[in-house]
Amino acid sequence: MKKYISIPFLIIITIIIITSIGLEYGNPRNMEFVKYYLEQGLNDTGAMNLVAAVYLDYRVYDTLIETVILFMAVAGITFFLQRRK
Amino acid sequence: MKSSNIIKTIAQKLFPFITLFGIYLILNGHLSPGGGFQGGVVLGTAVILLFLSYGIEATEQKVKMRCLSILEEAIILFFIFLGILGISTGYFFLKNFLPLGRAGQILSAGFMPLLNLVIGIKVAAGIFGIFYILFKYRGEI
Amino acid sequence: MNPIHFSILLFFIGLYGVINKNNLIKKIIGLTILNGSTVLFFISIGYRENGIAPILSEELSGELMPVMVNPVPQALMLTAIVIGVSVTALALALIVKIYEKYKTLNIQQLLKE
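Here the protein sequences come in this chain order: A, B and C.
Throughout the first sequence, residue numbering follows our numbering, covering 81 to 165 in sequence.
Throughout the second sequence, residue numbering follows our numbering, covering 23 to 163 in sequence.
Throughout the third sequence, residue numbering follows our numbering, covering 55 to 167 in sequence.
FYI, nobody ran anything at the bench for these hints, they're computed from the structure.
There could be a bad hint or two in this list.
[To be verified] Some, not all, of what chain C presents toward chain A, calculated at C-beta under 8 Å:
1. Leu69
2. Val72
3. Leu144
[As the list claims (entries may be wrong)] Covered stretches of chain A (chain C as the covering partner; in silico rule of three or more C-beta atoms under 8 Å from a C-beta of chain C):
4. 90 to 102
5. 136 to 150
Glycine included, C-beta positions come from ideal geometry on N, C-alpha and C.
Model the full structure from these sequences, guided by the hints.
Here it is in structure tokens:
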């Protein structure tokens with residue numbers, strides 16, 4: 081019963097979204113606001129890897145919080161799977 | 023859990039090369055593709071390989087659970103301490119306070135190699151810790 | 055067939071897996087497929103025609119700067135991958151405890167109790 085309703089519904093929504101999305105693949109107009117990172121990244125940070133310059137100098141706060149999330153995952157698993165003798 | 027002699031020998035011979043590759047990925051994170059997360063996962067995989075091929079009793083003598091959890095907590099406190107050092111030099115939290123060197127060397131770009139090391143150790147300890155706890159609950163594979 | 059269209063197709067395949075399958079482990083696999091499709095969508099937005107990877111090197115910095123792809127979504131998706139791994143690990147730990155108590159992993163039988 082559930083699969084007779086949901087499968088045609090999902091197929092119709094997929095076809096509607098694929099044929100009507102307005103993003104163009106490879107358009108140079110998507111890059112108007114990124115020119116600052118490409119031109120000044122080496123002068124501000126001194127790193128040759130621009131992806132590392134973004135996630136370790138311009139947005140290092142997100143990296144700190146994400147490390148804490150990984151620590152919380154290990155703490156949660158330790159809480160669930162402990163044996164009390 | 024028994025494993026054959028072929029797996030034990032090959033895992034023991036391959037372990038230094040995988041560890042060396044992981045440390046290379048971590049240290050050259052600001053010069054070529056790689057970085058803290060990628061190198062940390064490779065290091066965690068190397069320890070899991072030794073753990074799968076030798077059984078649980080031999081691994082528990084080498085890596086104890088208390089040492090792993092103390093290392094993991096201390097590394098996060100060291101990360102926050104690096105941020106507070108940025109405040110003490112007069113700027114904002116987590117500012118790049120070490121000198122930028124010449125572009126292209128390993129000891130350049132401020133505290134990026136240090137931060138990559140911190141993230142690499144944290145991810146390796148996290149991946150190995152998840153696997154170890156999931157294994158130790160059942161007691162068998 | 056762009057990577058953008060393919061990521062939308064993968065998204066709905068993952069959504070089908072979460073909705074329609076009765077086993078709990080298959081639902082977790084559908085969640086992992088959903089994570090992968092989101093990462094692919096964000097990375098393929100920042101593509102530029104005939105662009106190269108955003109890594110400077112010593113023989114490139116002398117002449118004019120070549121066309122590079124967008125480095126910002128790649129840096130944000132590193133965090134998204136790690137969060138996906140954390141959610142999958144916690145969900146699998148919960149599944150171990152559910153199986154120990156109820157001895158089944160079928161969601162229709164679990165809803166009756």
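Three residues or more, CB to CB closer than 8 Å: is that satisfied between the segment 136 to 150 of chain A and chain C? holds (count 6)
Under the criterion of a CB-CB separation shorter than 8 Å, is Leu144/C in contact with chain A as hinted? holds, 5 Å
Chain A contact restraint for Val72/C - C-beta distance below 8 Å: Cβ of Val72/C sits 11 Å from chain A, so the hint is violated.
For the restraint on Leu69/C, tell me whether the closest CB of chain A is nearer than 8 Å. holds, 7 Å
Can the segment 90 to 102 of chain A be counted as covered by chain C under the rule of three residues or more with Cβ-Cβ separation shorter than 8 Å? holds (count 6)
This entry does not satisfy hint 2, going by the numbered hints stated previously; all others are met.
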